[in-house]
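Enquirer: Using the hints provided, position chain B relative to the given structure of chain A.
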Amino acid sequence: MADILLKTEKLCKTFSNGGAQQHILKNIDLELYRGDFTVIMGASGAGKSTLLYALSGMDTPSLGTVNFKNQIISDLSQDKLALFRRRHCGFVFQQIYLIDGMSVMDNVLCAGLLVNKDKKALLKKAKELFAAVDISDETQKKFPTQISGGEAQRAGIVRALINSPEILFADEPTGALNSKTGLDVLDTLTKFNEQGQSVVMVTHDMRSARRGNRILYLKDGIILGECDLGRYCRGDTARHKKLADFLQSMGW
Amino acid sequence: MGKLFLIARSNMRRAKGQTAAIVVLILIAALMLNLWLMLSTDYHANFDRYHDKLNAEHITIAADIDTDEFYDHISNTLKNDKRISEFRLDDCMHMFGSFPYNGGVVNGEFLFLDKETALSRSIGRSELVEYGDVTSGVYLPMLYKTDEIKTGNFVEISIGAHSVKYTVCGFFNSVMMGSHNCAITQLILTQDKYDELADLGYAPKAALCSIRLNDVSQNSNAESELKGIISTRFPDIRIASNCYDIVFQSRYIAQGICSVILCVMAFLVLLIALVVIVSNIINYVQVNMKNIGAMKAIGYASGQLVGSLLFQFTVLTLLAAVVGGGLSYCLFPALNAMMISQTGIPYTIRFLPLPIAASIAVLCGAVALFVWLAARKIKPVESITALRSGIQTHNFKRNRVPLETAKTPLDVSLALKTTFSGIKHNLTVCVTMLVLSLIVVFSGLMTENVIADMTPFLNLIVGETADSCVNVQIETEEDFLRMMRDDSRVEKIYLYNSLNISHSGGAELMATICDDFSKVNNRNVVFKGRFPKYDNEIAVAAKYAKEKGFDIGNEIEITANGNTQKYIISGFTQITNNLGRDCLLTRKGYERIGTLTNVSYYIDLADGTDIDGFNSGIKNDLSGSVNATININETIQSVAGVYVSLMTVIVLAILILSAIIITFVLYLLVRTMLNNKKHDYGILKSLGFTSKQLILQTALSFMPAVVLSTIVGLIISCIAINPLMSLFLSTIGIVKCTFDIPVAFVAVVGIVLILLSFGTTCLLSLKVKKIAPRTLLAGE
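Protein sequences, first through last, are from chains A and B.
Residue numbering for the first sequence follows my numbering, beginning at 1 and increasing consecutively.
Residue numbering for the second sequence follows my numbering, beginning at 1 and increasing consecutively.
For reference, chain B alone in the conformation it holds in the complex:
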């Protein structure tokens, strides 16, 4: 052990710079690995911790009915269901609503509970996380706390066609109804405001069924079945519901995206670190061939020499991983704040030994394996060969770029000779640039499709976007459509309604009903086959079709309101909503099994139209018949804000990290090259080559590998990025990504990478300038 330590220490002293650079790369990998593991393990577990703490529901159903008949029926149904461990029924009010948030508007199915009930329910209890002295008003989910929405401020809430203004009393945490991503958003009113709203009658009275299951995994199917039972017995009532799986996934989309990015980045940085370490060891063996021979000659075994390298790099990795793991705790608060702004569930940072232990184990294991693989070269070297510096008398190498025939300038020719002689350097550069190219293309993709214009990303997440959405009662539909036809601001209008239906013998599906699918803006929703055209056609989510083994042309049975009909699958859809359990039906198709009681129309308006003014006009003209109007642009803006800021941080971090990595890798390579070529450079200087020429040659020698691998990497990445994104997003129901690739952005960043590489290499090669040729020749 003592001998190993001495050899390792000597190696590290001789290569302080290289050691430092490798440590930094491992440190970055450890930092990201630990962040990823913390996010993907404990962050998810946090949801369950709160779920347990608040004894939250596995299924929540809000039905707009409060008759004794309903309560008796649902009680009996739930009591007799063996899957249900406990349930609870509460009075509430339920209505579609919205309020201003984050520069836009948040809207959804609002469920109003009185404070006492909300805070004391045995199932699905809410906990106040902030409150003040205000005793009359509303408590909002903690997600919505902003500079504008804070305790003591007013918030104006639209409820159906009406609006009310409340003072914000505080904020609460609700696991299953604490966000607009949960399908139902709970708002807590103080008793006086609750009674006041009930008297106003803006929101219908409803029954809230909170259900816990014996086996959580049955939540999605049980939810579907229970809703089916209710809608069969009470066909005309409005129902909103959610289940554990839906809420769990939808509240953690940003966390999931962030986890995947961190994971990929961590392993890419690790890959670069491993390539650098391997290159370093191969170079070490070459440069220290004589020393190795001398040590072998005095009795050191190959195993001891390999062991010293293993010891050296594993200990370095261990230290770097511990420091990187520690540093990840410095970054975690900022990441946590970003995540909470999307999940809306508090998370208390604490030390997690398992992720850090796993990070250290992965890094040390990977480094040890690669060091062992690279250091094995020492074993077959005989001491006498090593003492002769490994030179073989019979040498069959080719003279690349012979100066006799070369057409390039002298410095370029000499640089090319160096390029051809340094295959391992080129490989390291190639791997680094290929990885960085992929990272750059990903950054470009996110910049184009999330930061600059979020529509492509939203098309995947929410499916369809337009300017305005108006929900009217079915009796008013004709008047509404006539009004729209006469309005010159309306460019396009189409029915776009969402309803729950059931696949007979399968799961509940969210059906999007449209009168003419040729009008929808997002043509990518159906990525295989086509939109339904006839009343016997249906397009189903690819994820669900895969689960069930369906193919296009298959016939499936759909049930709604107790009616069942057969439909032919015309295509596959991909939307992340509803866990990939969605489908598309034509209006006539739906009317074979049910009747629409109200209809939602999506409207595209002429450029420059005041959407809020347009919506208000409809409300005024059709007063009482309009259930809700939504400014979709504003809604997107409020929801998108979280993703945009998250992606901006990620893209910036990626670009900065890329610059750091390229600098470190080039630093290592240039240093190694200068050490290896010190002798050659001494000769060249003595012959009359200037420092500038040698610096230029060094930089140019890296350029073929840099330029080629960057170009190839960017092209491959541009081709592969959408399939790769599909792979990563497949867990949330995305099968085929069609993100726009920003060619200009990618080209510019590619050029910047190449210029950065050239500049960095030139800067790092400046060391040549300070050394006199005699010193170089002496190898000092």
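Here chain A stands alone, though its shape is the one from the complex:
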């Protein structure tokens, strides 16, 4: 039986907009499993990012619960949620969100030092991760505005993984990149997933979605359907067709 990492029950998120209530997520019941590369798909405005942020403790749900390894995290205070995120989650954002005032290495260490006080061990791990995503020592010393988007996003992945999170959340990680650098980022995520890293990724790009083994399709705040693709294998056209058929059935 698959190991459940995250579980939601009747998860709702509502925003108030000028007095009008906007229901973004509606009673979502969902389980996420360890080692999976889960992809959340849907059209713009479907609630993908809202779901991701609610799952990761970045945002609190309006109703319902989010359960992480049998602990309800949706009721935690902001500071306790921060502790939860630093210990269990890693984030990769569409806009990358490296801090401009810090070097690439500092961006990574800044997250790492929150959990790991052994600076020597941390530096060693950071170097390994940088090597794994092909970021040179020289680039590590640069500021985010001095490197390419692809390099920045790969640095973002290093930052997300520095604390060995149980889940890596990625919100449209290739959305702001060109196809070549986007591909590099996807390869990096795939590689880490193959090494056992659980990944939850939001995307509306089919090419990105192919990397997942489990596809959830979100429409108007509810999970309309789910597709089990199996592990990613480059050039597996049957797998790609299965995804295309699934998305077509969902009205993509």
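Hints in this document: simulated from the structure, not taken from any laboratory.
Derived SDA-like pairs: lysine to any residue, alpha-carbon spacing no greater than 25 angstroms straight-line:
{"#": "1", "chain 1": "B", "residue 1": "K770", "chain 2": "A", "residue 2": "Q21"}
{"#": "2", "chain 1": "B", "residue 1": "K767", "chain 2": "A", "residue 2": "Q78"}
{"#": "3", "chain 1": "B", "residue 1": "K546", "chain 2": "B", "residue 2": "S730"}
{"#": "4", "chain 1": "A", "residue 1": "K117", "chain 2": "B", "residue 2": "K692"}
{"#": "5", "chain 1": "B", "residue 1": "K769", "chain 2": "A", "residue 2": "D79"}
{"#": "6", "chain 1": "B", "residue 1": "K150", "chain 2": "B", "residue 2": "G641"}
{"#": "7", "chain 1": "A", "residue 1": "K120", "chain 2": "B", "residue 2": "K407"}
{"#": "8", "chain 1": "A", "residue 1": "K127", "chain 2": "B", "residue 2": "P409"}
{"#": "9", "chain 1": "A", "residue 1": "K127", "chain 2": "B", "residue 2": "V412"}
{"#": "10", "chain 1": "B", "residue 1": "K205", "chain 2": "B", "residue 2": "A161"}
{"#": "11", "chain 1": "B", "residue 1": "K770", "chain 2": "A", "residue 2": "L63"}
{"#": "12", "chain 1": "B", "residue 1": "K407", "chain 2": "A", "residue 2": "N116"}
{"#": "13", "chain 1": "A", "residue 1": "K142", "chain 2": "B", "residue 2": "H679"}
{"#": "14", "chain 1": "A", "residue 1": "K142", "chain 2": "B", "residue 2": "Q286"}
{"#": "15", "chain 1": "B", "residue 1": "K770", "chain 2": "A", "residue 2": "L83"}
{"#": "16", "chain 1": "A", "residue 1": "K124", "chain 2": "B", "residue 2": "P402"}
{"#": "17", "chain 1": "A", "residue 1": "K125", "chain 2": "B", "residue 2": "V412"}
{"#": "18", "chain 1": "B", "residue 1": "K407", "chain 2": "A", "residue 2": "F143"}
{"#": "19", "chain 1": "B", "residue 1": "K678", "chain 2": "B", "residue 2": "A8"}
{"#": "20", "chain 1": "B", "residue 1": "K770", "chain 2": "A", "residue 2": "Q78"}
{"#": "21", "chain 1": "B", "residue 1": "K424", "chain 2": "A", "residue 2": "Q146"}
None of the values given here were measured: they were computed from a predicted structure.
Expert: Chain B in isolation, oriented as in the chain A frame:
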């Protein structure tokens, strides 16, 4: 204009808090500026208004003689003096005296006039400001009205060695003789009491010469010359006198001090406001780079964008200055009451358009200039660069505090990174803390040297202090000194006599004559060179020496009683008395040109000695030979009360104002920082930083600038405060201030400032707590 208004309104709406804080700072500056201008212009003019209204004297001379020969001589002298426009001679009585006042004793040269003469004199008329039904008694200058001294109450007045008790009939205003600061204090007696005093013979009959000049500026020299003429012809008579300049200055010492403080504070607050505005504009340009680019792209000219900022801040300043000016009228009655208690001249508050217009002009002008200087950054920005938020691909900034090698805890390291990245914030903090440090040191100085123990301040104002002063006739001097030598309560006794002498070809100088200057308590009177030691030496006021170009070692001629001798200048003195026209002579030095008819001795008594009892004992033992005894401690207490209460209010106001300013400046900076770093904080929160950590980082990021500038500011201020005080007090004859600096007070207030800054920053940063990381990331 419409476009400018729209842009300015949009800017203000986006930054309501910052706008409010800047308005408050400008408002405080306007309030102080207007108070200062009102005090230093119209308040001074008020003296002249009353001087004109009562046709007051430019020179007043009271001579203890009432012979026809004197009247003829002085009449002829005054008639033949072309400088004199009009004069008047009146009969009066004149004697050294004292009465209880303000918890102490006020003493001085009392001049008794009968009511009818005092109120109807064509020159130097007095006006009653309060009176009751009592028809027999004394009218006192309005300055002396207290809870104890009021109409219908009794007042006991010591006149020479005697005392009389009168009912207070009321109070009057006299421009030239209405205060103990005027050298002559007028008391008005009802006719029956005047006749009674004349019969008692406690105060000798005297002639009062009231003189008005064609050219007021000659008052000091004319006074000196006229006294010289009188003392040459009538060498043995006692003379008291004053002139316009002396009275004008001495009645407005508190007003002068208050004016200087208000002026300095107003400009310091303005400086802080300007730094904050400049910092705000630079930040505005950075944060709104995209908007600026978009506006430029759609055709707005740089001039229009700069104009909108000019419009925004100038209009804000105008409104704040008008409100601040208005508020100053709410505070003015309280300030006026404090001032009147020192000047003793009534002042009616009225709207003064000129000071408020000048305040508004200064503030608007300064703000417009600084806004223009700061906003010029917009001009060279190209729209495409602005649209890219001003980011330059090639960036050569250094990675300060690299986490890889940093030895400090993570939160401290991140705070230091923020510190190094926010130079303009640090500059604003530094300027604010440096200014506040100076203000704090000044407060400490005033607390130590005026409020806690007034001796250092009095040493500057009055020169010398002791426990008791006894004035005896010269014939009794030997007996008196023998008595003092045998009295175990006497710790130190020295001759300390004041007499008028003339610098030949120069001004009249107040000479302090001492038998041994090594005994005086205030060693700071002579701040350069040394006290006179030999009979051919003199120490002169630095202010007068500067006017005349004298240096130590120069020889000057001194005249008294028609005799002239040469003296070598041994040192320079600084006392505010007598407009900086004073000098020190040894007794033997004075006796080369004159003879002492009576002598004043200053006495230091053993701790716990009853000074009044000691003085009474001398009066009893040497009855008839003692002209006056003064409890100097009590006298100081009565005079000091006004200054102490004034300084207490000023110090409290300064400390409260400092706290307000620091809070507002930090509010502005923290808000700006939170706006600028909202995005970064969102990232950090998403990474797992808690709100507490972010609040701590924000507060800590300000601390290097706060702590360093406070420490540096306090050290510099401690070093610079005495020279600065000397600069401000130079107009009243002070050249070198040697006030004690209360290191403990300064250190404690410095620590409080730092803690207040830290606490305020933490409190203001609490906003971070309420915002979810997703909201921060979205920049909402």
